[in-house]
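A.B. asks: One letter stands for each residue in the lines below.
Number of protein chains: 2
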Amino acid sequence: MAETRSIEHFLTEVKTTVDARLADYITSKRAEAERISKDSAELVDGVAAITLRGGKRFRPIVLSAAYRAVNAEGSLDDTIAAGVALELLQSFLLIHDDWMDQDEERRGGPAVHVIYRNGYADRHIADSLGILAGDLASTYAWELMLDAPFPATRREQGLRRFVELQKEVYLGQHLDVTANADVARMHDLKTGSYTVRGPLLLGAILGDASAQAMDALVAYGDPLGRAFQLRDDLLGTFGDKATTGKPAGNDIRAGKRNSLMDAFERRVPEAERGAYTKAFGRAHASDVQIAAAAELLVESGARAEVEQKLSTLRDAAVAKLDVPHFNPEGRALLTGIADMLVVRSA
Amino acid sequence: MAETRSIEHFLTEVKTTVDARLADYITSKRAEAERISKDSAELVDGVAAITLRGGKRFRPIVLSAAYRAVNAEGSLDDTIAAGVALELLQSFLLIHDDWMDQDEERRGGPAVHVIYRNGYADRHIADSLGILAGDLASTYAWELMLDAPFPATRREQGLRRFVELQKEVYLGQHLDVTANADVARMHDLKTGSYTVRGPLLLGAILGDASAQAMDALVAYGDPLGRAFQLRDDLLGTFGDKATTGKPAGNDIRAGKRNSLMDAFERRVPEAERGAYTKAFGRAHASDVQIAAAAELLVESGARAEVEQKLSTLRDAAVAKLDVPHFNPEGRALLTGIADMLVVRSA
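Protein chains in written order, with the working numbering: chain E, 15 to 360; chain R, 15 to 360.
Calculated directly from the structure, the hints in this document are not laboratory data.
Nothing here was measured: the structure is a model prediction, and the numbers come from that model.
Careful: at least some of the hints might be erroneous.
The list cannot tell twin chains apart, which means a pair is met if one copy fits it or any two copies do.
To be verified - DMTMM-like mimics (lysine to aspartate or glutamate), calculated; alpha carbons at most 20 Å apart, straight line: (1) K52 to D190; (2) K255 to D161; (3) K260 to D246; (4) K70 to D254; (5) K29 to D301; (6) K52 to D196; (7) K270 to D136; (8) K52 to E178.
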């Protein structure tokens, strides 16, 4: 019980501090932009909208936990500075991705390019401002990394990891945009690297981890990244809009192939997929049609299959923590984080 | 004569070295991308196309000259590493700008989003790949800056300057995209900061310049940046496609307001602007109509007025070099560079 409370406390502390720091940072950036070019401050407003609308702050949490796991004495406050940079990187990637995917909603509000469409009748101008706001968020992420209070050599190692993480995300996004058949690689690059492996390694670098501790974190992060993706796949169909910020059955309507659809199609011959076929990839399917297709995914056992796989991956991740490179508090934190990432509703 | 030869030699040496380094870097990045995600290497190809098509390499030249002017003993080879980073930053900005401006040509070949349109029938997918290729080029620029062989503290100062420069460019681009009336500020942010002031300060930082030398470089860079923009304005109408890579009369056809158009409209009452009015902002104006409008810009004295202003600004810039903070070789180089930036045909 004490352990659970301490994990809850850690999660809340990181999230609260990240939220507060983000608000302060954005306020200072808006003032800075107004000094440089008053009319252009609306570019900061796009960054602010997506950043402050409240994210789950997973990446700062993962980063801080890895840092703590290898460096029990390290200041949580310092590591949060790098976590805030990851959140701006996330804002940048979400802004560009939403435009590329033509997603109109994010975190329960309009996507950034959609915000600009409300202000500019010319759609291309609005889209251009969206891309520019993303570019600006990316530069902010770098600025925050440069300001993270670590010894210069560790900070530079961290910046190099930042570079690797970005390259992987872009290549993964390329596979996504071009609907490449290698969905597993796409997920590894977009989610595994960026949500789990990247933040773990960044935290480890800033915490001055040994090479063995880094290897152990990668071993823990690999199944965890895949489990995270499976949870995303489930939420894409069974998630509640109030918590995910996206319409229920979103992936069915969008015709998004993922582990759930794969499991279903393996289990049910084409001739028997009735309601699923009527709704999958049909942008104008009704809510009733979407619900019927989702029901089929449950009845066929596809949902249970993915849940089972997810649980196995979570256990495999946690098993990798049983090595001497982590302190006990850190091991408990990383276990708690595995649960947070896979047992979630948003 | 000896001085002119030495400047020519410097310009050639920097350009040749930058070209060779860029080719090597891109080759290594393509191999790296293939290891991470073979199919995604086409993203590197977009970056390669615009980067290796041959630019004028102004920014590395400016950076290296500033570095030399404050540090006669410094290795030109080291400073070129940072110059190569500026070229990748330039690739990133050109890729995104061309898409925002819907420019189809760049450096005498197709813009990057246009290259992808040749491979993907879906225009939005092609545009998305263009944006992604720009994002990748930006990360490459950071990687190159991180690898520039300077003491860590100077490199970090350089990275911070990199951040400031990017923020200014985005805010300037915002003014451009939204057709803001403050054209002077737009040019200062897009051209002054990014082509002249930014590279000068980066070179000075890496060369460990004194605060006085930095101030002197800013004083020199300010009129020079404005002169550079005036030359750009002239080339936008009177430039030769073979050297500028853009169609002659491009700015007239595009209806781009700049110093030349302003001078003309100040000199000629609206009722007497015949051929100009027929061609300005008309995308389908014929080459003959464009030539007639350009002729009016000459006859009215608008062209001569801009040339005169440009020459005055060039002299004002060079006058600022007459301070004790620069070594004689560096002073000669910076004078040569002022001439290169304002007396150019591309």
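A.B. asks: Is the C-alpha distance from K29 to D301 at most 20 Å within one copy, between copies, in both cases, or in neither?
C.D. replies: neither (34 Å within a copy, 61 Å between copies)
A.B. asks: Using 20 Å as the alpha-carbon threshold, which applies to K52 and D196: within, between, both, or neither?
C.D. replies: between (46 Å within a copy, 11 Å between copies)
A.B. asks: Is it within, between, both, or neither for K260 and D246, if the alpha carbons may be no more than 20 Å apart?
C.D. replies: within (12 Å within a copy, 47 Å between copies)
A.B. asks: For K255 and D161, with the copy left unspecified, which applies at a CA distance of at most 20 Å: within, between, both, or neither?
C.D. replies: Neither. Shortest intra-copy (36 Å) and inter-copy (45 Å) distances fail the 20 Å Cα cut-off.
A.B. asks: Between K70 and D254, at a C-alpha cutoff of 20 Å, which is it: within one copy, between copies, both, or neither?
C.D. replies: within (15 Å within a copy, 54 Å between copies)
A.B. asks: At most 20 Å between C-alpha atoms: does K52 with D190 qualify within a copy, between copies, both, or neither?
C.D. replies: between (37 Å within a copy, 14 Å between copies)
A.B. asks: If the cutoff is 20 Å on CA atoms, where do K52 and E178 land: within, between, both or neither? Let me know, please.
C.D. replies: Only across copies: K52 and E178 sit 16 Å apart there, 35 Å inside one copy, limit 20 Å.
A.B. asks: Regarding K270 and D136, is the shortest C-alpha distance of 20 Å or less found within a copy, between copies, in both, or in neither?
C.D. replies: Answer is between: at 18 Å across copies they meet the 20 Å cutoff, but 30 Å inside does not.
Violation of the numbered hints given earlier is confined to hints 2 and 5; the remaining hints are satisfied by the structure.
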